Structure formats: structure tokens, C-alpha cells
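A.B. asks: The residues making up each chain are set out below.
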Amino acid sequence: MWYSVRTRIPIQYKKPKLLHVENFIIPVLPYLRMVLWIVLCMLCAGIAYSQRIRKIPSRHHQLQGNEFRMNDTTSFFLHIKEGACKNNLLAFQLKSLARPAQLPFSRQKNGSFPAHGDLTYDFFYRSAVDTPFAGNNIQQHTLRANISLLLAGKLPVMLQLNSRRTNSPFFKNYNDVNVQFDERYYNDLMKARILENMLMNMRQKYTDSVLLQAVRNQEQAVVKQGQWLQDAHQLQQLVNSRDVLLKPDSPALIRQLPSVPDRSILSNPAAKYKLPAIPKIDSYTGRFQKNLSSNAVNEYITKDTAYLLQKARDSSEQVRHRATLFIAEYKKREAQYEAAQKKLIALKEQYSTAKGRLDAKIDSVKQVFANGSKKEINNTVKKYGQDTGNVYKWYKHLSSIEHFSIGRSMVDYSELSAKNISINGVQAVYRDRYSISFASGGVDYLYRDFLIRNVSTVKQYLNLVQLGKGEPRGNNVFLTFYQGKKQGNAYDANAQPVMNRVFGVTVGGKFRVDDNNYLLAEVAKSSYPAPVLSGPVNSSPKAFSFANHSNEAYTVQLYSRIPITDTRVYGLYRKLGRNFQSFSIFNANIDLVSWQLKVDQYFLRKQLLVSGALRTNDYSNPYIVNNFKTNTIFKSLQATLRRKKWPMLSVAYMPSSQMTSIGSQVMENRFYTLLGTANYVYRLRKTLMHTGLVYTRFYNGASDSAFVYYNARNWFVYHNIIGDVLSFNSAASISYHTGYRLLTLDQGLSCKISNRVNAGGGLKWNVLNGTDSHPGYYGNIRWRPGKLGELNMSFDRGYIPGTTDKLRKNDFGRLTYTKIF
Amino acid sequence: MRKICKRSLIALTFLVAYALTGHTQLLITPQLSPTGILKKDQLWNIVVMNNNDQSLDVQLQVSMIGIKSGVKVLNGSSRVFTLTKGVRQLQVADLGPVQYDYASSEITDHDVNGLLPVGEYQVCYTLFEQSGKNMLPAIEQCMPVEITPLSPPQLNNPQKGDTLSNRYPQFQWIPPAPMNMFSDLNYELLLVEINKGQSTAEAIQKNTPLFHQYAIRNMFFPYPSSATALEQGKKYAWQIIARNGSSYAEKTESWDFTIAEGPGIQGIKASGFPRLQQGTNALYYIFENQLQFAYTNIAGDSTATLQFFREHGTEEAIFHKSIHINPGENLIREDLLKKQVFWENELYRLEITDSRGSRWAMLLKYQPVKP
Chain P
0 MWYSVRTRIP
10 IQYKKPKLLH
20 VENFIIPVLP
30 YLRMVLWIVL
40 CMLCAGIAYS
50 QRIRKIPSRH
60 HQLQGNEFRM
70 NDTTSFFLHI
80 KEGACKNNLL
90 AFQLKSLARP
100 AQLPFSRQKN
110 GSFPAHGDLT
120 YDFFYRSAVD
130 TPFAGNNIQQ
140 HTLRANISLL
150 LAGKLPVMLQ
160 LNSRRTNSPF
170 FKNYNDVNVQ
180 FDERYYNDLM
190 KARILENMLM
200 NMRQKYTDSV
210 LLQAVRNQEQ
220 AVVKQGQWLQ
230 DAHQLQQLVN
240 SRDVLLKPDS
250 PALIRQLPSV
260 PDRSILSNPA
270 AKYKLPAIPK
280 IDSYTGRFQK
290 NLSSNAVNEY
300 ITKDTAYLLQ
310 KARDSSEQVR
320 HRATLFIAEY
330 KKREAQYEAA
340 QKKLIALKEQ
350 YSTAKGRLDA
360 KIDSVKQVFA
370 NGSKKEINNT
380 VKKYGQDTGN
390 VYKWYKHLSS
400 IEHFSIGRSM
410 VDYSELSAKN
420 ISINGVQAVY
430 RDRYSISFAS
440 GGVDYLYRDF
450 LIRNVSTVKQ
460 YLNLVQLGKG
470 EPRGNNVFLT
480 FYQGKKQGNA
490 YDANAQPVMN
500 RVFGVTVGGK
510 FRVDDNNYLL
520 AEVAKSSYPA
530 PVLSGPVNSS
540 PKAFSFANHS
550 NEAYTVQLYS
560 RIPITDTRVY
570 GLYRKLGRNF
580 QSFSIFNANI
590 DLVSWQLKVD
600 QYFLRKQLLV
610 SGALRTNDYS
620 NPYIVNNFKT
630 NTIFKSLQAT
640 LRRKKWPMLS
650 VAYMPSSQMT
660 SIGSQVMENR
670 FYTLLGTANY
680 VYRLRKTLMH
690 TGLVYTRFYN
700 GASDSAFVYY
710 NARNWFVYHN
720 IIGDVLSFNS
730 AASISYHTGY
740 RLLTLDQGLS
750 CKISNRVNAG
760 GGLKWNVLNG
770 TDSHPGYYGN
780 IRWRPGKLGE
790 LNMSFDRGYI
800 PGTTDKLRKN
810 DFGRLTYTKI
820 F
Chain E
0 MRKICKRSLI
10 ALTFLVAYAL
20 TGHTQLLITP
30 QLSPTGILKK
40 DQLWNIVVMN
50 NNDQSLDVQL
60 QVSMIGIKSG
70 VKVLNGSSRV
80 FTLTKGVRQL
90 QVADLGPVQY
100 DYASSEITDH
110 DVNGLLPVGE
120 YQVCYTLFEQ
130 SGKNMLPAIE
140 QCMPVEITPL
150 SPPQLNNPQK
160 GDTLSNRYPQ
170 FQWIPPAPMN
180 MFSDLNYELL
190 LVEINKGQST
200 AEAIQKNTPL
210 FHQYAIRNMF
220 FPYPSSATAL
230 EQGKKYAWQI
240 IARNGSSYAE
250 KTESWDFTIA
260 EGPGIQGIKA
270 SGFPRLQQGT
280 NALYYIFENQ
290 LQFAYTNIAG
300 DSTATLQFFR
310 EHGTEEAIFH
320 KSIHINPGEN
330 LIREDLLKKQ
340 VFWENELYRL
350 EITDSRGSRW
360 AMLLKYQPVK
370 P
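So the protein sequences, as listed, match chains P and E. With numbering that gives the first Met the number 0, letter number 175 in the first sequence gets 174, and the count goes up by one each step, no holes. With numbering that gives the first Met the number 0, letter number 315 in the second sequence gets 314, and the count goes up by one each step, no holes.
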């Protein structure tokens, strides 16, 4: 099949029209083409990566071009034909052949995989919003994909794509790509290969082949001897021999004597022809004669009777002698058999002991490969002398690369250097005896007001190097250097942010006391922000002057667990100088000291959990002579009871206070939060029920002069009836404070239509301040069409309280498609 | 010694500036912090250089103009004072008494040592020189300042990392301080969904808000129950931005919370061996390290296949493993959670189908404890 495109059509994106909820699906259409293009590009990229594009010279005579074979079934041609009068032709042809039997997208037998991962497309719509910043009819298309590929059959990489298109003027469209070395899969793959080689070599090396061969030979000998002894012929002969020796007239003896014709038979002429052939040697031929005539028989009987009787006597002696010899032979062989058996048992025991030792070694090696650290694996490989193979050498080099990525990636190095932001650049972590981490790239995180101000021209970047020693889970120390350009804490006359050049050093580490307790600590010093305020306090603008501490920061964190009492403790102390700069912290000429202590304790056999927390933040401004200070204290006490067949109960009381001191003037405001939750799950006639109540109250001190007294309360009651096919959910919510009372009643239903389809919906009744009431509704459907993935659609007509005591309509729609392949 | 060096440096700066400008006889350098809290008396901290041969009688005027609005909010005048030749560092005590003219209602604190309101301003200094009976402007110097509160607003509830069963949470925070720096304090609430792999801070800035309320006057905001309910099992981030009128003041850090799973599904910490059950699950078990459960093998099977599914994913099992079992009660312990097929805080379903075709299941979540 051939497809040919011979014209180039410019793609024009039209600005989406503002639409109402009744047809909110339609806004998808302007973006559909874009989405299809992205999907096509992704698939092409995936196929190309996995199949390795092969370039084949074209056999197309009329056009100059190339064929790019994407896989066994698909290829495309690019042709350029130069014609007269600039009549050039650019042609693109896609060739598709019959498709062979498709392999499943799972990992194949040899452990490799062509491409697998997940793909998610999400469409999101909101109609009217009563704020001037968010705008109306917000539409957003998001496409996310995570694809794992195995390059050249050896190198696993993860490809992450993230694309967003929105018509919101305040949020940018973006296309983020990240290619990351999948070190986890690589290590698993290489470890499996090394282990396979190691076990094979160990079996060859540590198995005693001489002993094994001896066991096998002995086994064969025993079997052979046993077979001879147990052979039916031998056994019969043994019985016969014993009979011959024990009984003179035994049938066995008689059977072996030469037979004498029965005279009664001879007297019957009719039976004479039925006589058995009597062996007699023909004097002429030397052969036995058969079919003797009756005369011959008579002559035979008459003349040779004496001879035959003598012969019979002689034969009887010989038979006895032979029987004696056979029995002796048999006994001899029996003795030999028993000796061989004993020898075999001894050899087997010897072999088993040796094999047990090998199996123990193999088990130990397997255990190290399954759960051991890289160091332990390396030591094991060296211990057994398996460190010379190519596979191990590759493993040793590449397994030290703990992370390598290009593109958009999260930065999370330490509390005081760079954390919780993403960069668009390169990141790498190499960990062997020492670790070296490196990050470099552009930063688009805005540290100040990011919603309204148009600061698209802010060009920030980060370069970071971290040196470390020790295991991440154990004790470790690290030294971090960071440098870059960052949005400052001031604006110029054109209302654009001042840009600061930032340089800093941090030293930190993790100090593990035991398995349950460890401490994280970090100290940092940075360059000063520009411009530096000169004044009585900040006397030295030198970045690394140890006389001045305004550009320093300290943090200490404690994680502790007491196993006997099952107590968990978390502590934090942090001090930030007013001039300290980093990519994880933004401060504006303020000294900050904060600390936090949190304790969780179980009681009543883990049925009651009591949590207490205390958190303070002290802000002070040293530039003002009167010394301004603000101290905020958050306290929290929470108890949660979970007892079998009882409702789960949780109560929390969280008082907080804010104290501001300006010189001798001190002001204090107090705030209180009260939370209560009760959940009860039970069965009523085999139907599962879930009933709950949530209460929230936030109020201030009535004596506070700075604020009007307020007392905001929120009640939320719900009851769910959960069935295998049908489920019902009922809820009532009321929120009220001065001048505001919103009541909502909600009744919903969800139905499992089939194993692949779930659908649900409901109605809401909303009343604001007892006057303005509006019905709302919602619905959703989830469809899982087998291997095609999963489709979720939902819509909701809701209302948001406006500034004029009226409820304003707010429609919400969402479509999500997910495919895991 | 350090002070001498510093003063020498300032003098050198003035000399260089003088050499460059050539004709300028007076120079003003404001000594203001470009950002942070600012009191009225700090406005008068300046360094003045007089390059004339004689002393001058001068008057200093300070004006504050809103950068966005372009409106003058404050005008201050010093007394006439004599400026001797050379460099001089001046403070309010040298210039007093000073008089203020409040041109805008933005300044509510009329104390001469009071705090200036939060916002972005252009502070302009004009030095008037006495010429006969008239005061003529000799030089003007401006600099932008951003006045921010001493402490930013701070989030209070829902707490960082909370799991809520209320799909319409009430948001609460502590106001910025000092309050008298604000003439029109109001807040903006941003609520966004956190995508997988995103940090809270990143989600707040990059994701389009699910809810964005403007001009909140209180220190709390109940998410309206009449609006679209927050989705169960989803993780959200929220942040408060404090404004003075429409001017940006400060923002809080961003916190995250999760709405509890499923219709009425509650999570409890697994202790002992929770049992696989037939039918609908109303509970999920939180495992910290090792997965362990009880399974009653009434079919008398000798092996069972453990199948793990994403509860909110596709019908394809993400992981499966065969184990040997005995007829009757089985207490099974599997070190599967350390396998990297499980995401933290995601809901999974463990399922065993016995030889009779009956399905036994349990919902579970992996939440490793930081040792």
C-alpha cells in the first residue's frame, strides 16, 4: 500500500472559540490535529529507537531519494526531483507492507523489550470563573508519555514527554522532553547476566568431576551387577542348581538326562509316528537324525540301552558339578554386588557433601545479587574470581552511573542548595567509592509573583556539582558547589526583577546513630544578593568572610524511632541569614529561625495514635533600629482511634499564635482550629455501608483587636451504600461564617455496567445564604476497552459563590485517556 | 579601620562620579534597602556630596510613587539645612522636623516613625537649593523599592501531606505581619492537581489551577461544596498569595494534601496479617515495608498466583507471582514491596483467583517509613 503527499500544506492553528458547556467536547477539535501529530511523532520516535533506522538506497529510478526503513513492515521514502523552471518536487511516501504476527508488548524471551510504558492524554475544561486572572473557558490539553526503550539491545533508556496546550493567558504552553538512562533496568539486566555466568562458572569450577564420574561409574557397575543377579535366567538356574544338589531324583536332574523312549508308546504302532525326534548322530553326516522309523527305534532301544544308561549316569555327575560351580559363582557375584553398593553409598556421601558446599555458595551469591549493595556484589564477584569477564567490566563502568538525563528533570540535591525545582538541561550522578553529581540547565521557576507579572524574559540558570562519600542510606557526607543566575528580591524601575548572580557552598551529611535514628545536617554560605544594603549591621559584603554570618544558613533534621514504644520523633532546626541565597530558598532581607518538633505515639496496641507538634517561625529584620520581630507558633494535638468494629474517630486541636514586636510594642493574635472526623464502615444484610462526619472550625480570639471576630464552621456528612454493581452516595455539607452560609445536598449513584464499563452521576442542590439556590449535576463514565487502554470522561455543573451573594455557574469537563503498553 | 575603608570607598565613588559627570555639584545616594520592611524615618537615610566651594542652604524632599499606578502616595519635606562642602551622611535627625503629605489612602499609619505600606514604589529624592528667596531644584535621584511584610502569610490547614475525607476542605492560613503595613490586605488561593513526578512547588507554577479564588478578605476559605468536588485519590497543592490591593506582597510556601480513596474506602495501617476477602473492599491496608496477609485456601489448591493491579489503572496486572500454599489457613509474607513496581502512595489491588473461580482480594498501599 502506498500513500503519497506531494504538496506542502502549512498548518494553521486557529484560536479556539469560547464555548459553553453544552458542547465542551467541540473545543477538542482544533487541537486534535496537533495531538495526532504529537502521537505520530512519538510513535515514530519509539519505533525508530527500538528498531534502529536502517538506510537503504532507493531503487526508484525516476526520483532521487532515500528509503528509510522504520521496521519490517513500514518504511518511508523522501524524494527530491529537480525539474525545469524551479519546478522542484518534494515527495514523501509511506509504504506499509502486510503486517507479520505481532509480538506482544511485554518483555521478550531474551529479556529485551521493544518499547513499553504509558501514554496519557488529558483534556480539561472550565467555563466561567469569577476572577479576572484565571479567565473564562479555560481549556487545556496535556499529553504525557513515559516510554522505555532498549537501544542496541543493551542500553535501556526512558523517554518522557510532557506537552501542554492551554488558552489561559497566564500559563504558558510547554513541551518538555527528558531522556534518561534507565540504570535500574540496566543493573537488573547486567546483574542477571553476571549471575548466570558466575553460577555456570562456579558449577564448573567447584564441582569435583572425578568424584562425580566415579559415582556415575560405580552406579553403572552396581546396576550391571544387580541386573545379572536379578536376571530371571540366573535366578532360575540358581533354583535348579540347588534342586539338583539337594534332591537326587529331582525333576531338574531328570530333565537334564538323555531321554529314553517310553515303551508303552513304542508298543502302540499308531503312536510311533508321534514319537519325539530322538537325537541320533548320523554316522555319515554327523548330524542328528530325525523322523526315525519304528524299526530304527527298536534297534536303537535294543542295542544302545546299556550305553544310554551309562551315559545318563555320567551326565548326572556333570550336572551336579555344574550346579555346584554355578552356586559358587552366584555367591561370589552377590558379595561383589554388596561391596559395590557400599562403595557407591560412600562415594555419594562424599559427593553430596561437596555439592552441599557448592549449593551453599550459590545460595549465598544469589542472595547477594538479590539484596546486596553494589559493593557487596563487586566483592562477591571478585571473591569467586569472576571479575575478568566483559559483562562484568561493562557492568562495573555503567552501574556506577546512578542517574543520567537530558532534558527537563527535577533537581533535588539538598535543603540549602537546590531542591524542588526543575531544570532544562543535563543531570548526572556517578557513585562508586565517591560520588559526583552534576546538574546544569535553565531554570524557569519564578521565586516571586508568577501569576500576574510578565516576567517571561527572566533567564535563570543553575550549575551544580556535588561531591560525596558514603552510601545514601547509610552515613554520608557531601560538599556542594552551586552557581547560577536567579531572580532577585527586588525590581528595577521597569518593574522587571533584578537578576542575582548566585554562588554558594554547602557541607552536609547524614549521620546514622543506628537503624532507627539518624541526623541530617547542612551548613551553607553564599554570595550576597545584589544590591547589598550597606548599613550598621551588614558591615562586610565579602561572600566568604567568616566574620559575617548574614549570608549563612544552617539546618539540622532528626528522624528518630523508638521501637520498644513505637514512638516516632521528627525535629527540625533551620536558620537562614538575610543575605543567604540558594535555589531552594527565597528570602528578602529577613533573618529566619524556625524549628519544629513532632512526636507520634501509639497506645492501646496501636489502636490509638496521638500526635503532637510544635512549630515556630521567627522572622526578624536587623536593618531597623527598633528590631522588628515576628514569631509564629503552631501547636497541634491530634488523637486518632482505630478499633476493630468501631467507628474511626479523630480529633485535632491546633492553636496558633502570631506575636509581632516593634520595639517595645508587642501584639499578639491567636487563632484556633478544631477538627473532628468520624468514619464507620459496617455491613447491613451483607451490604457494605460507610458513614462519616467531618467538622472543621476556625476561629480567632474574641479579644483580638487586629481582626474582626470570625468563626468559620464547616460540617460534612456522608453516607455510602457500596454494592458490587450499584453504589449510592449521599452527602450534605454546610459552611457558614459571618455573612456566608452555603448548604449543599448531594445524591449520587455509580453503576458497574460491565467489567469494562463503570458509569455514575448525581444531583446537587445548592443554597447560598438561604436565598440563591441552584441545582447542579455531575456524571462520569469509565470505559476500559481491553488492550486499547482506558477512557475516563466526567462533567460537572457546579456553582461558585460570587462577590454579590450569588452563585455563579461553573462548568467543568474532563476527558482522560490512558494506555499502558 | 573597616569604617575608614568604607568611607574612603564612598568618597572615591563620588569622585569618580564627579569626574564622569563633570558639571554636577551635588550628588545624592539613597541608603535604602531595595526590598523588605521600610519605616518612614528610613526614607531619609541618604549620603549627599557637595562639590561646591562653599556651603549651601538646601531642603530635601522625598516622594513615593506607586510603580504600577503611577500615583504619588507620600510626599515629605525636610527643614532647610546647611550642607557643608564634602560628603555627608544624613538621617532623619539631621533633617527634622520633617513634614509628610499623604497623597493617598494607601498609607494608614500616620505616625512619623510608622511603617510604609506594602507595594512597589519609586522613591525620588529632590534637593532644593536656596537661591535668594526661592528654592530651586538642584538635583533629583530616584530608586525603586519593594516593600514587603516582615513575615509572609503562613499556611495552617490542611496540614502538609494530610489525607482528607472531606472533598470540600476548608483552607486556613496565618496573615502576614505586621498587619498595619496593609491598607487593603486580601488573598488569592491557588489550588492545583499534582501530576505524577511533580514537586508541589513545580505543580503550583506549571499546572493550570483547578480552583483560583481572588480577593479573599478572610484568613480562611471553605472550598465551596457547590463547586466540583475534589477527586478521590488525587493529590493537590495549594498556595496563598497575599496582596495589598492589587499589589503583590508575599506568598506562602506550597503544601500538598490528598483526598482519601474510593467511595468510602479508608486506609488503615496494616498490623498482623489482614485477610483477603471476597466482594467489595471498604478498607485498604497501608504497608510500610513487608507485605503480609492471610488467605484461607478453601479450594485446597497447592499453588496460588498473586496478581497486583493498579486500582485506578487498567485491567492488566502489573505484577504477578506464584506461591505454594497449603489447604486451609495460610499466613503469607512477601518481600514484594521493595520491588520497584510499586509507587509510593498509590492504591493497588492484590487478587488471588482460586481453582473454583472465586476471587479473593485486598487493597493495599505502600508507604515506606523513613527510618
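A couple of the hints might just be wrong.
[To be verified] The list that follows gives simulated cross-link-like pairs (lysine-lysine, DSS-like), each with its CA atoms no further than 27 Å apart: (1) P:K418 x E:K67; (2) P:K468 x P:K190; (3) P:K171 x E:K205; (4) P:K818 x E:K320; (5) E:K320 x P:K786; (6) P:K484 x E:K67; (7) E:K234 x P:K808; (8) E:K159 x P:K605; (9) P:K190 x E:K67; (10) P:K373 x P:K331; (11) E:K67 x P:K171; (12) E:K67 x P:K605.
The set of hints was computed from the structure by calculation and includes no laboratory data. These numbers come from a predicted model, not from an experiment.
A.B. asks: Holds or violated: P:K190 and E:K67, Cα atoms, limit 27 Å.
C.D. replies: violated (63 Å)
A.B. asks: Going straight from one Cα to the other, do E:K234 and P:K808 come out at no more than 27 Å?
C.D. replies: Satisfied, since the Cα-Cα distance of roughly 25 Å is no more than 27 Å.
A.B. asks: Sort out whether E:K67 lies within 27 Å of P:K418, counting only the CA atoms.
C.D. replies: With Cα atoms ~33 Å apart, P:K418 and E:K67 exceed 27 Å; violated.
A.B. asks: Is E:K320 within 27 Å of P:K786, Cα to Cα?
C.D. replies: Holds, at about 21 Å.
A.B. asks: Has the given pair, E:K67 with P:K171, been kept, meaning a C-alpha gap of at most 27 Å?
C.D. replies: Between E:K67 and P:K171 the Cα gap is close to 23 Å, so the pair holds against 27 Å.
A.B. asks: Checking one constraint from the list: CA of P:K373 to CA of P:K331, max 27 Å. Satisfied?
C.D. replies: violated (62 Å)
A.B. asks: Hinted pair, alpha-carbon criterion (27 Å max): P:K468, P:K190. Please report holds or violated.
C.D. replies: holds (24 Å)
A.B. asks: Holds or violated: are the alpha carbons of P:K818 and E:K320 at most 27 Å from each other?
C.D. replies: Given pair P:K818, E:K320 holds - Cα atoms ~23 Å apart, limit 27 Å.
A.B. asks: Do the alpha carbons of P:K171 and E:K205 lie within 27 Å of each other, as the hint requires?
C.D. replies: holds (8 Å)
A.B. asks: Please work out if E:K159 and P:K605 have their alpha carbons no farther apart than 27 Å.
C.D. replies: holds (23 Å)
A.B. asks: If you draw a straight line from the CA of E:K67 to the CA of P:K605, is it 27 Å or shorter?
C.D. replies: violated (58 Å)
A.B. asks: Between the alpha carbons of P:K484 and E:K67, is the straight-line distance 27 Å or under?
C.D. replies: Since the Cα atoms of P:K484 and E:K67 sit roughly 26 Å apart, the hinted pair holds (cutoff 27 Å).
Hint check: violations occur at hints 1, 9, 10, 12; the rest are consistent with the structure.
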